[in-house]
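Novice: This is what each chain is made of:
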Amino acid sequence: MPGFGTIGNVDWFPLWLSLRVAALATLISLTLGLALAYALANWRFRGKEALDALTTLPMVLPPTVLGYYLLVLLGRDSFLGKLHEHVWGAPLVFTWQAAVVASTVHAVPLLVKAARAALESVDRTLEDAARTLGASEWRVFLRITLPLARRSVMAATVFAFARALGDFGITLMIAGNIPGKTQTMAVAIYDAVQSGNGQLARILVLVISAVAIAVLYTMNRLQAAK
Amino acid sequence: MKTALEASLAKQFSADGFSLDVTLRCEPGVTVLFGASGAGKTLTLNLLAGLTAPDRGRVLLGDELLFDAGSGVHVPPRSRGIGYVFQSETLFPHMTVAENMIFPLAKVPTLERRRRVNHLLEVFRISDLAGRLPRALSGGERQRVTLARALAADPRLLLLDEPARGLDYELRHDLYAVLRQVREQYPIPIVVVTHDLAEAFLLAGRMYIYRLGRVEQEGSPDAVYAAPRTAQVAQLLGFTNVFEGVVEELDPAAGTSRLRCQGLLLTAGYLPGRLKGDKVGFCIPAAAVSLEGSSGNRVKGELTHQILSPSIARLFFRLENTTLDLECEVPRSRTADLSVGRSYALQVPASAIHVFPAA
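Line by line, the protein sequences give chains E and B. For the first sequence, my numbering gives the first residue as 1, with consecutive numbering after it. For the second sequence, my numbering gives the first residue as 1, with consecutive numbering after it.
So that you can see chain B by itself, here it is in the shape it has in the complex (with noise of 0.2 Å):
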C-alpha cells in the first residue's frame, strides 16, 4: 500500500504574530518545502513530527491519523514512525556509529537488530565508521550516519530539514545521490525543507512554496518555475526580472497582449480573464533575453555590470527611459565583445514574458 501524507496545520504564536497555517498533500517520492528562513518550513517538519502542537489541524499518515484538533489525538512523537534529520547536527555525541543506529531499534531482537544496523551500514558506506563517535566524523560522513539512523526503524515518513547545510560541492552531490539511492527504496513520502533552489529542482517531485506562514504555491518545480502566480513567488524562484505594469491592449484573435511599463511597451502573449487597463505584475526569465536575433519586443539598454560564472555570465542592463533594470543570461564567451557602458539591444520574446496579478 502507498503511504501518503496529508496534513493541515495552523499555529499561532503571540509573542512575535507569527502563524502558519498550510495544507499539505504529500506522495511517496521527494516534496520540498521551499522558501526564505522565517517562513515556517521547520516549524512544519516540527509539527509533523509531533515535537510542537497545532493550534488547529489534522495530520494523517496513510490511514494512521497522528493529529486531530477536533477530536483531541495527539500521537507522540515516539510512537509517529517518522524519521526526522533535524538542522542541527544531532547525533549522540557519547555514543559511536554503531550505538547511534541501534537506539531507535531497542524494540527489535537482537539479530535482527544486528541484521538491520549491518546493512545500513553498507548501503550507505559507513561500515568503517561504525565504532567511531561522531565527533571523529567528517561533516558529510555524520550527515550519512543520521540519515540511515533515521531510516533504521523503517519509518512510514521521512523529513529532512536542510540535509546539504554545511556541505561543499562535492559532499553535497554524494548526498544528492544518496538521497536518490533513498527514494528509490523506500516508497516513503520524504519532505525536503530547503532554501536552495538548485537543489529543490534537483530533488522534488513536488514542491510547495512558502512565504510568511503561508503556502504561495504549488506543483512540480518546472510547473512553478514557468508560471509564478505573484511577484513575491518570482521574486523566491530567483526571477530579477520582475516588473508591474498596465494592460494595455488586448488582441484575442492574434492571441497577444500589449503591457505599458514606464517608457516600454512590450508585447506578450493574450491574457484570458484581463481587462484593459488592468495592473498586472509579469516576469521575465533572464536566460530568455538575449543580444542577437530579431523576433520579440527589441528594447536598449546601457550595460551597467556584469557577474561572471565560469560557464555563464549575468549582465545588467538600465533600460532606455526607464529606472528599470533588466537581467539578462548569456553563455561566457559571450561577453568577450561587450563592454560596460555601452549601449545594446536586447530581445524579449513574447513568449517569455509571464503575468501574475499586481502586489
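Just chain E, with the same shape it has in the complex (with noise of 0.2 Å):
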C-alpha cells in the first residue's frame, strides 16, 4: 500500500486496511440489511422465518465456526472460490476482499435487526397515504419508509462500522495474518502481543479504543437527536 510506511515506529498499514474494511463492508451491510430487512418486514414468503434465523446466526456461532463455514464456501475448491478465480484470476481467500467478506457477515445481522425495527417502527398509515398518492412500492421505501427511519438506520450502521472494524475470528481464518496485505488492527494486535511488542500493542488498542468511543457517541447523539 504506498504512502503508509512507518510513522513514529508504528505501522499504521493494519489501521488503513481495517478503515478501509471496515468502511466497504459496513456499505455492502447496509444494503444487503436494508433489502433483507425491508422484505422480512413487508413480504409473506415461504422460509420468512428460516432466513430470519439464518440472518441471526452469525451472531450465536463462534466466529472461527463461522470462518470455517467461509473457507468451505469460498476456499479454491468451492464452487464460488473457483467463480472468483475465473473471473479475477485470483483466489478470494486470503486477500484483503475476503477480510471485507469476513467483516460484512460479522456486522450484517446487527445490521439486519435494527433496520427491520427501525423499518416498521415507521407509522403504516403514511405509507399507506403515499400509495393513494400515487406513489410504486419503491417510491414509497425511499421516499417516505428510509427518511423516516433514517435515524435509527444511521445508529444501527454506525454500530455495524464498529462491529466490522472489531472482527477477529472470522477474518484471521479466510483473510490470514498476512502483514501489509490482510493484517487488519485486531489481528495486529493480537500479533503484536504474541510477539511481546506491548507498546504497539497499546498504541494500537487506544486507537481503536478512541473509534469506538467516538462511535458510541455518534450513535448516542443520533438517537438523542429524534
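Derived from the structure by calculation, the hints contain no laboratory data. A couple of the hints might just be wrong.
Label-pair distances were calculated between CB atoms; the ranges are [to be verified]: (1) E:45 / B:174: 42 to 52 Å; (2) E:42 / B:94: 16 to 26 Å; (3) E:82 / B:18: 53 to 63 Å; (4) B:94 / E:209: 32 to 42 Å; (5) E:44 / B:118: 34 to 44 Å; (6) B:94 / E:44: 23 to 33 Å; (7) B:138 / E:147: 21 to 31 Å; (8) B:114 / E:125: 20 to 30 Å; (9) E:53 / B:2: 51 to 61 Å; (10) E:147 / B:125: 52 to 62 Å.
Glycine included, C-beta positions come from ideal geometry on N, C-alpha and C.
Using the hints, put the two standalone chains together into the complex.
Specialist: Below, the structure is given as C-alpha cells:
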C-alpha cells in the first residue's frame, strides 16, 4: 500500500486497512441489511422465519466456526471460489477482499435486526397515504419509509461499522495474518502481543478504543436527536 | 361524463368474527357513511382505496373496474385515482407543505406541477404555509393541506374519514365551508365517514347508516330521519323516545291506529300492512312533543331532569303508570316556570309517531 509506511516507529497499515475494510463491509452490510430487513418487514413468503434465523446465526455461532463455513463456501475448491478465480484470475481467500467478506458477515445480522425494527416503526398509515397518492412500493420505501427511519438506520450503520472494525476470528480464518496485506488492526494487536511488542499493542488498542468511543458518542447523538 | 361509484364489498375477519357486507352507490356529491365506531365505515374506505382486498365483491368507478373478485381484478391503490384523507394525521412529517403537495404529482411535467400546486395553495388559502413543516401547522391548517394534497392529482373519488375530528367548533365550520367548495368544484363522488349527526346532515346528499358491518338504511338525511327503519337506526339518529308496543286498533276510514304501550294508548297514523295484535316499535322526535296545545295524544308525566343548552332545553318525563321516559325538546325560555318533581301534561301529535317493525 503506497504512502503508508511507518510513522513514529508504528506501522499504520493495519489501521488504514481496517478502516477501508470496515467502510466497505458497512456499505455492503447496509445494502444487504436494508434489502433483507425490507423483505422481512413487508413481504410474506415461505421460509421467511428460516431467513430470519439465518441472518441471526452469525450472532450466535463462534467466529472460528463461521470462518470455517466461509472457507468451505469460498475456498479454492468451492464453486464460488472457482468462480472468483475464473473471473478475477486470483483466489479470494487470504486477500484483503476476504477480510471485507469476514467483516460483512460479522456486521450484517445486527444491521438487519436494527433496520427491520426501524422500518417497522414507521407509521403504516403514512405509507398507505403515499400509495393512494400514486407512489410505487419502491418510491414509498425511498421517499417515506427510509427517510422516516433514517436516524435509527444511521445509528445501526455506525454500530455495524464498529462491529466490522472489530472482527478478529472470521478475518483470521479466511483472510489470514499477512502483514502489509491482510493484517487488520484486531489481528495486528494479537500479533503484537504474541511477539512481545507491548508498546505497539498499547498504541493500537488505544486507537481502536478511541474509534469505539467516537462511534458510541455518534450513536447516542443520533438517537437523542430523534 | 359523470363518474359514479358502484361497489359491493364483503370481507370476513376470522379473528374477531366481524364481517362486512355492503353495497353502495355514490353519485357525484357527498355521500355520508354514518354509524357507531366499529361498524365497518373505515374498513369500507380501505376496501374502496384498495389498501385491503375484499373477499368478495366488485368496485366500479365510472366505467373502470377497480376490483372484481370473480375475475381477479385488483387495481393497486396507486393506480386507482382515489384521494383519501385518513382518520389519522398523514402529512409526511419530513416534507414541507409544498413538498407534500408535489408528492402525488411525480409524473406531471414541472411547469404544470407548479401551476397546479400554486392553484391549490390559493384555493385552500394555504399559500403562506408552503415552506413550513407539518409540525409547525395548527390542526385546521393540517387538515386543509391534507385535503389539498388528496385533490392534487385530480382524483375521480374522494374519501374522507372523520375529516373534522379534533377540530373545535369554528375550525369545523371552516372545514365544512371548504368541503362545500370542493363539492362545487369537483364533480366527483365524495364519501365522508362520520359519527356526528350534525355533520352528516350538513354535508350529505345521501347517507348510509352502518351497523355491525351492514347497511341498515340508506337515503337522504331528511328521509332517513323522518322514517328510521329500525329501533337501532332511530337510536343512532339520536332518538331517545324509542318504544315498543302492540297494534290495538286499525281504522282505515279515519286513517288512524291505536298503539298500546304499557299503560298508554296512543293514537297514530294508519298503518298499512299491519294487523291487529302486531308487535311494533315506534319513535317520537323529542321536538314534536310539546307542553302546550290540545291536539294529539295527551299524556301525563313527572319532570325527572332537564339538560340545558344555550338555546334549547331537553326535558325528561317519567310517564304516569309506566316505566317509560319521554324526552321533550323546548326553547330554553320555556323552562322558566318548570320545576323538577312536578307533573305536567304533554302533547304527542299522532303524525309524530313513526312505526317500524319490532326488534
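Novice: With reference to the structure, classify each hint as holding or not holding.
Specialist: A quick look at each hint next to the structure:
Look at residue 45 of chain E against residue 174 of chain B: about 48 Å separates their beta carbons, and that is inside 42 to 52 Å. Range check, residue 42 of chain E to residue 94 of chain B: about 20 Å between beta-carbon atoms, so the 16 to 26 Å window is met. Between residue 82 of chain E and residue 18 of chain B, the C-beta spacing of about 58 Å keeps the proposed range 53 to 63 Å intact. The supplied range of 32 to 42 Å is met by residue 94 of chain B and residue 209 of chain E, whose beta-carbon atoms lie about 36 Å from each other.
The hinted range of 34 to 44 Å is satisfied by residue 44 of chain E and residue 118 of chain B, whose Cβ atoms lie roughly 43 Å apart. Roughly 28 Å separates the CB atoms of residue 94 of chain B and residue 44 of chain E, a value that falls within the hinted 23 to 33 Å. Separated by about 24 Å at the C-beta atoms, residue 138 of chain B and residue 147 of chain E satisfy the suggested range of 21 to 31 Å. For residue 114 of chain B and residue 125 of chain E, the Cβ-Cβ distance of about 28 Å falls inside the hinted range of 20 to 30 Å, so the restraint holds.
With their beta carbons about 56 Å apart, residue 53 of chain E and residue 2 of chain B fall inside the hinted range of 51 to 61 Å. For the pair residue 147 of chain E and residue 125 of chain B, the supplied restraint of 52 to 62 Å is violated, since their beta-carbon distance comes to about 29 Å.
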